[in-house]
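K.L.:
Residue-level listing of the chains:
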Amino acid sequence: MRYSAWTIFKEGISGNGGWKPMWREPEPKGEYDIVVVGAGHGMATGYYLAKEFGCRSVAVLEKGWLGSGNIGRNTTIVRSNYMLPENQPFYELSLKLWEGLEQELNFNVMVSQRGIINLCHSDAQRDAFARRGNAMRLSGADAELLDRDGVRRLCPFLNFDNARFPITGGLWQKRGGTVRHDAVAWGYARAADGLGVDLVQNCEVTGFLISNGTCAGVETTRGLIKAKKVGVAVAGSSGRVMSLAGMRLPIESHVLQAFVSEGLKPALPGVLTFGAGHFYVSQSDKGGLVFGGDIDGYNSYAQRGNLPTLEDVCEGGMALMPMIGRTRLLRMWGGLVDMSMDGSPFIDRTHVEGLYFNGGWNYGGFKATPASGYCFAHLIARDSPHPVAAGMRLDRFRQGAAIDEKGAGAQPNLH
Amino acid sequence: MIISHPLLGPRDSAEFVYLGDASLIGRPHAFDDDAMEKFYEYQFLRDNPDGVHRELWYHEQGDRSWLVVTRDTATHDILNVELARDVARQSGRGR
Ligand SMILES: Cc1cc2nc3c(=O)[nH]c(=O)nc-3n(C[C@H](O)[C@H](O)[C@H](O)COP(=O)(O)OP(=O)(O)OC[C@H]3O[C@@H](n4cnc5c(N)ncnc54)[C@H](O)[C@@H]3O)c2cc1C
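Chains as they are written, first to last, in my numbering: chain A, 1417 to 1831; chain B, 2 to 96.
If you are wondering where the hints come from, they were derived from the structure by calculation, not from laboratory data. Ideal Cβ positions, reconstructed from N, Cα and C, are used throughout, including at glycine. Hints may contain errors.
What follows is a set of in silico ranges between Cβ atoms, one per label pair, in the way DEER data are often shown [unchecked claim]: (1) B:Asp-34 <-> A:Ser-1659: 20 to 30 angstroms; (2) B:Tyr-59 <-> A:Lys-1436: 51 to 61 angstroms; (3) B:Pro-11 <-> A:Asn-1578: 49 to 59 angstroms; (4) A:Gly-1629 <-> B:Lys-39: 18 to 28 angstroms; (5) B:Gly-63 <-> A:Gly-1612: 51 to 61 angstroms; (6) B:Ala-15 <-> A:Ser-1659: 29 to 39 angstroms; (7) B:Tyr-59 <-> A:Asn-1578: 26 to 36 angstroms; (8) B:Leu-25 <-> A:Gly-1629: 26 to 36 angstroms.
Chain A on its own, in the form it takes in the complex:
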């Protein structure tokens, strides 16, 4: 069923009886050409495998329900303001895919290019932003350096004269913004389902069928499923799942929290990030401030965080925009993030033939969803990496080719 204004009108006057479920609930078959594990980036991977690479026999297996992972837990920010050549073209491809995604999927994922401003608070930081902005423009992305008055024009409510961290300017990416996170999961699922991809929910992978160094399928809580190729994209569960294939990864699982306030009148022009502490915020269409900050900082598989982090994040918010002081917090939650040793992701083959890995997205993989799905599908279907993801290799630490945007070293809780 194609969605359009006309469909809404027709259904509206005829009692809304014609809407169909957005996807099927198929029983898993015993065998597929390709099995993808995890329905976040994995859902996008399933879609592009069918759409772009003509794969007809594909299943996406999800342990919980669609959208139960980080794809439905993040703070919805999309941007392409990276600096290093292994990252920037990849994220710019992703932003371009976001720009056309609603037409592509025939689904309203609420892409809103309201812009993102990274604030700076010292001369050195502004120099670093100028360099980053130039790197972004070299890959065809947009970036504008704002001075103090430029920021003031857009956000007069900020605390410009904070004694410790005055605002000296900002790096503005107008094409950045927000996308409704769970609609992305639903949109990809509906479109993939339409192309014959089986989305199997409540199906946890509990082992791999590996013999003679080749992967021939997966064991699941819903039975054995054979496959010629298996792609794994399970975020914070990467360590747990890949250990089933005998692998240790350059990844630690941490918890990142998100917070939403009560609804307010429109106040924020776009996404804002505090460059001196760790606080980022946008305003949802319902009016709630959606914000977050640092990861809690210790290994965790708990999908919930602790209160000291909440306090720290709110202090950052108050330092930046004191006007939110009397706003009440409505809800908060946590997600398992796959923190890699250099803060950058992996889209690569493994030492097992036919087993592919996608992970290490840290706290920033939502924006990557379209490009990650596209490049992972490319890798699985063609057995060669997509050019914009060619640096995202699992063996890059052994080669001394880390992609360390922040220069923090192999210390995941500093990225």
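Dock chain B with the ligand against the given chain A, drawing on the hints supplied.
P.N.:
Showing chain B with the ligand alone in chain A's frame:
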């Protein structure tokens, strides 16, 4: 989380800085034949278990000692706390 410091008693975990897996105590020897491979694994690869995890915490806002905390990553329960110095000595290191 409350960390029961072996010398100072129960302390708020917010006073500590977290480093990571306690295997970082076991630094490889630089002159081993396979030192390259061992350092790569030491520096970059992690077991990252879902469950009991031994990890290094530094009491920055306290007595500045390093602790080995045994904690369940699925529940955040703290099961045991030792001085990292004692753990290192037990594993045969001089200090
Ligand atoms: C609080 C928070 C805020 C964030 N904010 C942003 C942001 O503003 N912008 C941004 O770009 N990124 C953000 N991120 C990061 C982003 O959400 C993630 O990097 C991204 O969604 C990861 O995608 P994924 O597909 O790898 O993981 P997921 O969406 O988590 O998908 C993995 C799936 O695998 C499933 N799974 C796990 N184990 C198994 C198994 N054994 N068998 C079958 N299935 C399994 C899980 O149930 C899960 O659904 C945020 C993350 C969090 C937690």
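K.L.:
Against each hint, give a clear statement of whether it holds in the structure.
P.N.:
Cross-check of the supplied hints:
Look at Asp-34 (chain B) against Ser-1659 (chain A): about 27 angstroms separates their beta carbons, and that is inside 20 to 30 angstroms. Our hint of 51 to 61 angstroms for Tyr-59 (chain B) and Lys-1436 (chain A) holds, since their Cβ atoms are close to 57 angstroms apart. For the hinted restraint 49 to 59 angstroms between Pro-11 (chain B) and Asn-1578 (chain A), the CB-CB distance of approximately 35 angstroms leaves it violated. Distance hint check: the CB atoms of Gly-1629 (chain A) and Lys-39 (chain B) are about 24 angstroms apart, consistent with the given range 18 to 28 angstroms.
Distance hint check for Gly-63 (chain B) and Gly-1612 (chain A): the Cβ-Cβ separation is about 60 angstroms, which falls inside the suggested range of 51 to 61 angstroms. The hinted range of 29 to 39 angstroms is satisfied by Ala-15 (chain B) and Ser-1659 (chain A), whose Cβ atoms lie roughly 31 angstroms apart. At about 29 angstroms, the beta-carbon gap between Tyr-59 (chain B) and Asn-1578 (chain A) stays in the expected band of 26 to 36 angstroms. Range check, Leu-25 (chain B) to Gly-1629 (chain A): Cβ separation about 31 angstroms, and the 26 to 36 angstroms hint holds.
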